[in-house]
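Colleague: Listed here are the chains, written in short residue letters.
Number of protein chains: 2
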Amino acid sequence: MLHIPSLYIHELEGKGKAVFTAEALDPESLIETCPVIILSKEDLQKIHQTRLHDYYFLWGEDLQSAAIALGYGSLYNHAEKPNAYFQMDFENERIDIISKTAIEAGEEICINYVEENNRGVKLWFDIKNT
Amino acid sequence: MLHIPSLYIHELEGKGKAVFTAEALDPESLIETCPVIILSKEDLQKIHQTRLHDYYFLWGEDLQSAAIALGYGSLYNHAEKPNAYFQMDFENERIDIISKTAIEAGEEICINYVEENNRGVKLWFDIKNT
Chain A
1 MLHIPSLYIH ELEGKGKAVF TAEALDPESL IETCPVIILS KEDLQKIHQT RLHDYYFLWG
61 EDLQSAAIAL GYGSLYNHAE KPNAYFQMDF ENERIDIISK TAIEAGEEIC INYVEENNRG
121 VKLWFDIKNT
Chain B
1 MLHIPSLYIH ELEGKGKAVF TAEALDPESL IETCPVIILS KEDLQKIHQT RLHDYYFLWG
61 EDLQSAAIAL GYGSLYNHAE KPNAYFQMDF ENERIDIISK TAIEAGEEIC INYVEENNRG
121 VKLWFDIKNT
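Protein sequences, first through last, are from chains A and B. Numbering of the first sequence is given in the working numbering, commencing with residue 1 and proceeding in unit increments. Numbering of the second sequence is given in the working numbering, commencing with residue 1 and proceeding in unit increments.
Chain A extracted, bound-state conformation (with noise of 0.2 Å):
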């Protein structure tokens, strides 16, 4: 499964694309399996000071290196308090989407991404808030 049938994307007034579930979500659901693109520590230098740096993830153990997540893995919003969490598979090159809560039918999924269980963080957000 690349990801719930039920996934679509939908652009939002001010806020870009979004993605949304057509239908209701269990807590703990597997939303979505993200392939990425991982980029090198030195890669990481030069896309940190282009668009990409609203978009990437940190990866890697010691989150030396930079992951571009495909699938939908680049338009979940971020939340305070989200009802998805993202899981890092380093091994398997791949980050989970997973639902945090119960999701309704029609509602936007969104991130957190700087939160502590995901298990990394998306850089530029992490500068912001330190």
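Please keep in mind that the hints were generated in silico from the structure rather than gathered at the bench. Don't take every hint at face value.
No copy is singled out in the list; a pair is fine if it fits within one copy or between any two copies.
Lysine to aspartate or glutamate pairs mimicking DMTMM-like chemistry, simulated, CA-CA at most 25 Å apart [unchecked claim]: (1) Lys-15 to Asp-96; (2) Lys-81 to Glu-107; (3) Lys-15 to Asp-89; (4) Lys-17 to Asp-96; (5) Lys-41 to Asp-54; (6) Lys-81 to Glu-108; (7) Lys-46 to Asp-26; (8) Lys-46 to Glu-80; (9) Lys-17 to Glu-91; (10) Lys-15 to Glu-42; (11) Lys-46 to Glu-23; (12) Lys-41 to Asp-26; (13) Lys-41 to Asp-96; (14) Lys-100 to Glu-80; (15) Lys-17 to Glu-42; (16) Lys-15 to Glu-93; (17) Lys-15 to Glu-91; (18) Lys-17 to Glu-61; (19) Lys-15 to Glu-104.
Dock chain B against chain A, hints included.
Modeller: Showing chain B alone in chain A's frame:
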């Protein structure tokens, strides 16, 4: 529809990740609609020196900017005689992947990165061939 339900990703020895269909497809079937992250001309110069070099599409009427294809758009391998092609929609910021020939169940879906009718090219390949 984000993509046909029969799409799956499989790792090929020596070729890396590749995109397959589990069901047969007719010619001219819409396989996937890929959202994109658009990068400016300046950003393109920077990512050109990174591993993303192998992934981005040239973008815009003048092909001066770049696009990173989300969904599985970055994972289709190149073939001289491909069974699919891509069509860029600059206005709606998406790249559609469409079957060119009939495709069998279990067959890899490939595109030609530099073909004329793609309306656009993947830059690294263009450079290798000129």
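Colleague: Look at each hint and say if it fits the structure.
Modeller: Going through the hints against the structure:
1. Lys-15 to Asp-96: For Lys-15 and Asp-96, both the intra-copy (23 Å) and inter-copy (23 Å) Cα distances are at most 25 Å.
2. Lys-81 to Glu-107: within (14 Å within a copy, 42 Å between copies)
3. Lys-15 to Asp-89: Between copies, since 21 Å is at most 25 Å while 28 Å is not.
4. Lys-17 to Asp-96: both (19 Å within a copy, 17 Å between copies)
5. Lys-41 to Asp-54: For Lys-41 and Asp-54, the Cα distance is within 25 Å both inside one copy (17 Å) and across copies (17 Å).
6. Lys-81 to Glu-108: Within one copy only: 12 Å inside a chain, 40 Å across chains, cut-off 25 Å.
7. Lys-46 to Asp-26: Neither way: Lys-46 and Asp-26 sit 40 Å apart in one copy and 42 Å across, limit 25 Å.
8. Lys-46 to Glu-80: neither (29 Å within a copy, 32 Å between copies)
9. Lys-17 to Glu-91: Classified as between: cross-chain Cα gap 14 Å, same-chain 29 Å, threshold 25 Å.
10. Lys-15 to Glu-42: Between copies only: 24 Å across, 30 Å inside.
11. Lys-46 to Glu-23: Neither: 40 Å inside a copy, 40 Å across copies.
12. Lys-41 to Asp-26: Neither way: Lys-41 and Asp-26 sit 37 Å apart in one copy and 43 Å across, limit 25 Å.
13. Lys-41 to Asp-96: within (23 Å within a copy, 32 Å between copies)
14. Lys-100 to Glu-80: within (13 Å within a copy, 45 Å between copies)
15. Lys-17 to Glu-42: between (29 Å within a copy, 23 Å between copies)
16. Lys-15 to Glu-93: between (28 Å within a copy, 16 Å between copies)
17. Lys-15 to Glu-91: So Lys-15 and Glu-91 pass the 25 Å test across copies only (18 Å; inside, 33 Å).
18. Lys-17 to Glu-61: Between copies, since 23 Å is at most 25 Å while 30 Å is not.
19. Lys-15 to Glu-104: Classified as within; 20 Å inside a copy, 40 Å across copies.
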